[in-house]
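Q: Which chain is which? The protein sequence lines are V and E, in order. Its first residue numbered 1, the first sequence is counted upward by one per residue in this note's numbering. Its first residue numbered 1001, the second sequence is counted upward by one per residue in this note's numbering.
Some hints here could point you the wrong way.
Sample of chain V residues at the chain E side, in silico, Cβ under 10 Å [unchecked claim]:
1. Thr2
2. Gly39
3. Ser42
4. Thr44
5. Ser58
6. Phe61
7. Thr64
8. Asp66
9. Leu84
10. Asp108
11. Ser172
Have a look at the derived ranges for each label pair, beta carbon to beta carbon [unchecked claim]:
12. Pro1059(E) x Ser172(V): 30 to 36 Å
13. Pro1059(E) x Ser127(V): 29 to 35 Å
14. Asp10(V) x Glu1135(E): 26 to 32 Å
15. Asp48(V) x Asp1136(E): 17 to 23 Å
16. Phe1177(E) x Ser174(V): 23 to 29 Å
17. Thr1002(E) x Asp48(V): 40 to 46 Å
18. Leu1160(E) x Met1(V): 47 to 53 Å
It is worth saying that the hints were derived from the structure and are not from the lab. The C-beta atom is built at its ideal place from N, Cα and C for all residues, glycine as well.
Here is what each chain is made of, one letter per residue.
2 protein chains.
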Amino acid sequence: MTELNGLDTDELSGLIDAAADDPEQASFTSRAETEWTGGFESETTIGDFEQAGTTVESPEFTVTGDEPEALLGERNGPNAVEHLLAAVGSCLSVTYAGHAAGKGIEIDGLRFEFEGDIDLRGFLGLSDEVRPGYEDIRTTVHLESDADDEELRELHEEVLETSPVYDNVTNSVSLDFDLQFE
Amino acid sequence: MTELNGLDTDELSGLIDAAADDPEQASFTSRAETEWTGGFESETTIGDFEQAGTTVESPEFTVTGDEPEALLGERNGPNAVEHLLAAVGSCLSVTYAGHAAGKGIEIDGLRFEFEGDIDLRGFLGLSDEVRPGYEDIRTTVHLESDADDEELRELHEEVLETSPVYDNVTNSVSLDFDLQFE
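Chain V extracted, bound-state conformation (with noise of 0.2 Å):
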């Protein structure tokens, strides 16, 4: 076993050729369920998921999401937009972990600081010109390698065009919602 960015690669290459022999392999349907438990508060259960259309067996985690005091929540948790940011931290590691592993080139230490900026008054309502979500996201990228600055820049540009959050956050993907009213 060769290990690389804590990672089997002859793993990765495996799961790689399975997806290129049979594209049904690389199709996985994820799935999530968010209880509101009153106020401001909800929490979202996460567990099996399916690849190609069998389901996979999973243990189960709650995420607790809440607002903060000043939005009348009681802190119990990260709020949503909160939570949007920890999904793109971890799909940018996940990514940067994989693509290194590929290409490669060892990393010894990846760290993410993320900062977005929100006008409430989007939210409240208060106004059609604001739009209620973040403007941008800054994101300051801490990268430790020995590889050299260019391979680096590299690499950052496949992880750009690879990682599934990134994609969905920085292009548009439709939501479509069946109203059941109990």
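Model the placement of chain E on the given structure of chain V, informed by the hints.
A: Frame of chain V; chain E shown alone:
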């Protein structure tokens, strides 16, 4: 104090009036820091934020991201695209609860089911024609309320116009990168 959906409606009106009177009070900056911890695992730390340019202290929360074993992780947490669904679910919960309270609608129960399909060939860099992220996200909204269906449909439309994460996901938001190679 009048309470609706677990929210103090006087405080809610106060929040809206304060933002209308002084838009600076509606200006928030979120922060998050993600550290790659090896393989496909990361830890995102979320705590203090800024309102009107002033730091607001907060307890610190940690969000773990990891891939399932099928994707070479150890499944110590949800993966990034599952965290994205949690961010969307948390945001829709907050926006429903808040806007329903604003409209005088009592919500007796609210639950969202999400499903998103990913073709991993995008992440793996196997095809330029496959987007890395979700193609679309299917959402079932289970909403219990005595309000009539027309009011609830209006509420839903208002939620879509004002939810921050719904905005950022269904429209695009840019990420600006400062690359620090160390």
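Q: If you test the structure against every hint from before, which numbers come out violated?
A: Hint check: 1 fails alone, others pass.
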